[in-house]
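Participant: Protein chains in written order, with the numbering used here: chain A, 1 to 284; chain S, 1001 to 1239; chain V, 2001 to 2257.
Please note that a few of the clues may not be correct.
What the simulated footprint calls covered on chain V by chain A, stretch by stretch (three residues with Cβ under 8 Å from a Cβ of chain A suffice, anywhere in the stretch; the number is not a length) [unchecked claim]: (1) 2079 to 2093; (2) 2096 to 2103; (3) 2123 to 2133.
Covered stretches of chain A (chain V as the covering partner; in silico rule of three or more C-beta atoms under 8 Å from a C-beta of chain V) [stated by the list, open to error]: (4) 75 to 83; (5) 109 to 118; (6) 250 to 261.
Over the 12 Å line for every Cβ pair with chain V, so calculated as not near, a few chain A residues [said to hold, decoys possible]: (7) 29; (8) 40; (9) 133; (10) 157; (11) 169; (12) 197; (13) 245; (14) 273; (15) 278.
FYI, nobody ran anything at the bench for these hints, they're computed from the structure. Beta carbons are placed, not taken as given, at the ideal position from N, Cα and C, and that holds for glycine.
Read off the chains here:
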Amino acid sequence: MNPRPYNFAYLDEQTKRMIRRAILKAIAIPGYQVPFASREMPMPYGWGTGGVQVTAAIIGPDDVLKVIDQGADDTTNAVSIRAFFAKTANVATTTDTTQATIIQTRHRVPETPLSAEQILVYQVPIPEPLRFLEPRETETRTMHALAEYGVMHVKLYEDIARHGHIATTYAYPARVADRYIMDPSPIPKFDNPKLDDCPALQLFGAGREKRIYAIPPHTRVVSLDFEDHPFERTKFDAACAFCGATDSFLDEVVVDDKGGRMFVCSDTDYCEKRRAAKAKDAAE
Amino acid sequence: MNALAANELLRVESLAKTFTLHLHGGARLPVVHGVSFSVAAGECVVLGGPSGVGKSSILKMAFGNYAVGEGRILLADGDRVIDVGRAGAAGILDARRRIVGYVSQFLRVIPRVGAIDVVAAAAQESGLDRAAARERAASLLARLDLPERLWSVPPATFSGGEQQRVNIARGFAGRHRLLILDEPTASLDAANRGAVIDLIAERKALGTGFLATFHDEDVRARVADRIVDVSLFSDREVA
Amino acid sequence: MMAPLLSVRGLNKRYGSIVACRDIAFELEEGEALAIVGESGSGKTTLLNLVAGALAADSGEVVYRMRDGAARPLSSLSEAERRALMRTDWGFVHQDASRGLRMNVSAGGNIGERLMAIGGRHYGRIRAAALDWLARVEIAAERVDDPPSTYSGGMRQRLQIARNLVTGPRLVFMDEPTGGLDVSVQARLLDLLRGLIADMGLAAIIVTHDLAVARLLSHRMLVMKQGEVIESGLTDRVLDDPQAPYTQLLVSSVLAA
């Protein structure tokens, strides 16, 4: 039986145009959530449909695609999405950050610095940073339009009042180009500084919520804080057990049933490269 | 507008008042008409006449608490004159703050405010700072023999006489040039009546004018400089 | 002689054939408390919402003297300006405190929100301001981190007041501020309001059906019936010497304890 052929990257061309228009708007208004006509995708909501649609709209036959999920190339989601594009677009795929032209990610920013030749596509569950305090869409749109963001600091205030420090450790709100406040998706706050002045284009897609937003290259992104509780990058007390890195985001892994644990780099590609380099040094 | 004479504080000209009782088919109840008199600085004018003749209504019209029917009530304000009947709310509130004070027959109690704070608030309204106002309140309450242990207690639980002493202290706490007193001593014993008489005398000596009614003939005799018999102006049929 | 703080002219609002407000006009001076009294259906709450800009009038104008002295018709304010006004120079105390509070945000967060909205970025100072205001509305300091969902009705109302007053507004709208509260709780709240209005020189427009509340809190009063102001004047004058038939009915209907 002949398999039914897909249009390049699954989506029809009209849909891709619609998504590209939304992306252009998003780039023109950094941090602003652009509504778009999110399509039914062959995976359910909550599995990266927004990111997939953005990638599908921008990917070309010469692109090289990397897909990571929590920093790893080999988890189920990353593997499926990579396979999806391999099948529907027949593009080259890679796990090497430096080789990719498009990186689709869920919940992490790669440790390896990105370049102007690359596009980072984030999968976003809830694009609206104000949603937790203001359930009405009509009201949050007005708040963004009028830059009424006092309520964001209320959230941080609550954290400090409750925990003594800003307890938000992921999806940490940030202000883009001194104008819109955005939710950077559930990346750890450790990654927030990477959004600032990044040479790569950063695109954010929320499929279920039907929003696309963007940070153009070299845009100022400032994480929210208080004067007397400034934004601090998470510091780990350990180094990666595999590669020894002290400057990457570490996952805590339980190794036995006696409470034994170790810390390893969440970014698998970064970790492997470092290990390879160390092995090479050792061999010389 | 006629200017008032140099030491004239209050002039009432052809004052008339009629109540219209809409709840009783619009029945009209005339009270007084053609009332004319004046009060000068340093004098105490007492409105006389039997109970129900309309004395209290005149006092209340002078204070702006009742609407003026016909005629005029003029208050001296430096080199200006205030027409109480036409003054408007802001004008009357201003006059009450600076020029004319009022002691009613009964204290209208508000919850939670201690006796000394009731009096001090009145002193503050007239321009004294917090500390000075409190001192003045304390001295007045002491003059009126209100026990110190009651000073911080809200007057709701006081006896009638105690409440009235707070009321009087409040009326005298300011720096009004004209004080209107409506049966201020009815619930007081002889000693306290004496204290009120002394207070009135002191203020008269400072130039304050008084317009008052007194049920007690003895007090009236001791403080009144002139008596205006309201029954001459009354429309009321009195027993 | 300064222009009035608020000037209302020819305000009209109807819902189909029902006239909610007909030709309402009044002025409000700085530091003056005005009560709007009437029974259900009198239009008093509609009037409050019209003046506060929460409802659009069919015709008429509300002119407010801004902090810079300029007298601006509310209809000429942009949405941003109007919302900014509501957050800084104005307050609105709702009858139901949960409408005027974030029920799941701590008391400190509720009070601090306005400060943060106007640019406050120092946690310590915001918290200190919140604690200061909790003391002023007689809420124990240790409740500062509790959300108002854990508060009693009276406490919620006092918190709502603190939340509104923290930016030192010049004009506060109140819709039945003591409605639904127990009598002893009402007394405390009224005393608090009375003190705050006096201490802060607030102008206030207070809608109430309770004449005792009007007498205690307001200098002046409007009596409304079926959408019209049928009497207005000094509060004690209107209550002690009511001229209009309906006012006489209202005043005589109140039971004394």
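Participant: Could you tell me which of the hints above the structure violates, numbers in ascending order?
Facilitator: 2, 4, 5, 6, 9, 10
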